[in-house]
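Peer 1: Note that full-length UniProt numbering gives residue 439 to position 439 of the sequence shown, counting from 1, and the numbers run on in steps of one.
A portion of the hints provided could be inaccurate.
[Stated by the list, open to error] Taking lysine-lysine and the DSS-like style, the derived pairs with C-alpha atoms no more than 30 Å apart in a straight line are:
#, residue 1, residue 2
1, Lys359, Lys336
2, Lys503, Lys359
3, Lys348, Lys336
4, Lys616, Lys669
5, Lys503, Lys341
6, Lys267, Lys341
7, Lys267, Lys254
8, Lys336, Lys267
9, Lys363, Lys336
10, Lys336, Lys254
11, Lys254, Lys363
12, Lys669, Lys503
13, Lys162, Lys254
14, Lys348, Lys254
15, Lys348, Lys359
16, Lys677, Lys616
17, Lys442, Lys336
18, Lys442, Lys359
19, Lys162, Lys267
20, Lys363, Lys348
21, Lys267, Lys359
22, Lys503, Lys267
23, Lys442, Lys254
[To be verified] Ranges between beta-carbon positions, derived for each pair:
#, residue 1, residue 2, range
24, Asp533, Leu402, 18 to 26 Å
25, Arg635, Gly304, 50 to 58 Å
26, Gly266, Ala329, 16 to 24 Å
In case anyone wonders, no lab produced these hints; they're calculated from the structure.
If you're wondering where the values come from, they're calculated on a predicted model, not measured in any experiment.
Heads up, the beta-carbon is just placed ideally off N, CA and C, and yes, glycines get one too.
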Amino acid sequence: MRRGVCKSHLSLAFTRRVDLRGRAAGSRPHPRLPACAAPSMQMNRLRLPASPVCVSHNTLRAYPLLGPLHASDRPGQGTGLMQMSDMQMRTGCARVRFPERSLERGWWEAAARMSRKRRAAEAEGAGLALELRWEWQDPGGTWHRFVPEQSEVLTQAARAGKPSVAVGSRVDLRRMVQRDGQTRQDRCVAAAVQDQDSYAVDDDGGSEPSSVPGSSSPQRPPAPKRLQEVGASPNPRAGGESTEVVKTLIVKGKAPVDPECLAKLGKAHVYCEGDDVYDVMLNQTNLQFNNNKFYVLQLLEDDGPRSYSVWTRWGRVGRPGQHALVSCAGDLTQAKQIFTKKFLDKTKNHWAERGNFQKVPGKYDLLHMDSRPPAAEPSCTGAPQPKPASRLDPRVQALLGLICDLQAMEEMVLEMKYDTKKAPLGKLTVEQIRAGFQSLQKVEAVLRAGDTGRALLEACNEFYTRVPHDFGLRTPPLIRTWQELQEKVQLLEALGEIQIAVKLARLELHGQEHPLDRSYRTLGCELCPLERDSAHFQVLERYLLSTHAPTHRDYSMELLEAFTLRRAGEPPFRASLPNRTLLWHGSRLGNWVGILSQGLRVAPPEAPVTGYMFGKGIYFADMSSKSANYCFASRQRDVGLLLLCEVALGECQELLEANAEAGELPPGKHSTKGLGKLAPAPANTIVLEGAAVPLGPAVETGVRNPHGYTLNYNEFVVYEPGQVRMRYLLQVRFSFAPLW
């Protein structure tokens, strides 16, 4: 097409994939476009129709910023962005819906035309910044990514409106080219939008309605997004105030309606037939394409006149994503057909056979979720009834409030990048947690084989698919080291403990029972506070403070409360074994409901062996701060819990270095002791109710590993729960040293 040719409209609404640089199979010829948008390109503007079009990967390369949608010839139309995922850019075409607009050559030029008023309005409506991935094209036509540091420089320069910036060679941001320092030739530069929660794209290529057909309650449209100004805060308000969005979860029947489904919230419920709940959460992670996405699928039945609809929502994990609501009026058969077809399209599994679900490569995986609602608190009509008083000691009440705090549990796993929006606490079933452990076993096998290529990529993909993680717009990281593997093992262990806590929270109250009394009853564990002036309290405090290791001086500890404990249903203790010692065990606050109600347990068979220094067992220390480190206390949450257990060590096999197979004890041995350089002096050991208490301070043991690293402190491991009897629970405050 020559410049200046009068053509009011160029239709690209093909039903098959379109390559704008060649010919589409089965379609008429169309203009050939240049390989990249350079100043010499003959076609400066391309009019696009309002109907859906298929845009191929080549189109994005022909126009490096295929977001330059400018409507200067249509009053009231501003600049918008058509956004595609990395997967869609690489592997083909996505079906996109957008109004009739013009395609500008330079996105920054189009953005500059936006009025400040328009920018402010969009900022208030969205308040989110687009993330860009920058690439350059070599002479052979292959595209390469800029390193992250260079991408950040380019993004900041673009946001600041700079015409060019130097990243090795200077990049002209208006022409979107970079001068090669060796050949002195210009090469194309591209910026791909990665903000995947606002795609107007259904990732299977099909179009999705964005509102309810025939409904007077349209869904909330996605807010327009723009590049955030440098230094601007998200969602700015007058006076610098920020607002907090509170979402309501309404539970009817066996599963809650997705809170993002505003048109049906409080007006419908998830359709059920017996034990079949038409509620699905799917997840898929592909690290090679930076895909970390979810898919929600629900069949909804109105509370009033019988009417059915199918709700879908999809996007990047941690973001609301896009949605669609398809009304089926009173036709339940049609609604089921839409639901089951969508399930088949996304998973390649039949809905009726989901009990034998098999993950298909390139398709979504089914998350096994517990759809049971939490136990309802007793409600009353008329005047509110006074809250019954607790019968517990105030110190026990405070302890229960500390360990039964579901918000604290959520914050704990959020720190570990777990996504509580897609798989809320307690909703991830034991089966799904077990599947996560199985995936980590595959990661372990790959790491042992020294394979850091495709096998590791696929193993990590499987793990992140089964256990949703929120990494924002960043690519989920590969699990490359044993330390990273151990962190994921700890996450799954924490999720298992939290699952127990949420399960206990579902139990109903007994009559006029205080909620804390219910929590105490369901623990099945007797807790009795010790008086501060008692002999037992004094011994425990001395043991805590005297065994604070010299290498852990970034914090100090103060004993707030101490409790004796006796757990019902504990396995018979092997008191006949010698060498019974009172040893420390620390854990995060969110784990204690599970520990106190179920006891200390050995890791499940599905867990990778490598995540444990001396094999799968129950770990203890004779230095209080070594165990206290596993409380993961902070300046914001400065209270933790330490457990003192009577451990029947028997005869120990002594090791100088890590051995994941240490659980296979040699004959005559009952436990493992990892020997450390420092340990409590044997001369200071006392006996408390038949158990040795190794009081500090620590002294040099003379232990050295001639083959490598030597442990700083002793580590004790038993492999049978019957060798452990929980005796004391200590509530400790951590005081951290000043930062400066």
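Peer 1: Now tell me if each hint is right for this structure.
Peer 2: Verification of the hints:
no.	hint	in the structure
1	Lys359 with Lys336	holds (22 Å)
2	Lys503 with Lys359	holds (28 Å)
3	Lys348 with Lys336	holds (17 Å)
4	Lys616 with Lys669	holds (16 Å)
5	Lys503 with Lys341	violated (33 Å)
6	Lys267 with Lys341	holds (25 Å)
7	Lys267 with Lys254	holds (15 Å)
8	Lys336 with Lys267	holds (20 Å)
9	Lys363 with Lys336	holds (21 Å)
10	Lys336 with Lys254	holds (18 Å)
11	Lys254 with Lys363	holds (27 Å)
12	Lys669 with Lys503	violated (38 Å)
13	Lys162 with Lys254	violated (55 Å)
14	Lys348 with Lys254	holds (26 Å)
15	Lys348 with Lys359	holds (8 Å)
16	Lys677 with Lys616	holds (24 Å)
17	Lys442 with Lys336	violated (37 Å)
18	Lys442 with Lys359	holds (15 Å)
19	Lys162 with Lys267	violated (51 Å)
20	Lys363 with Lys348	holds (7 Å)
21	Lys267 with Lys359	violated (34 Å)
22	Lys503 with Lys267	holds (28 Å)
23	Lys442 with Lys254	violated (34 Å)
24	Asp533 with Leu402: 18 to 26 Å	holds (24 Å)
25	Arg635 with Gly304: 50 to 58 Å	holds (52 Å)
26	Gly266 with Ala329: 16 to 24 Å	holds (20 Å)
In summary, the numbered hints that this structure violates are 5, 12, 13, 17, 19, 21, 23.
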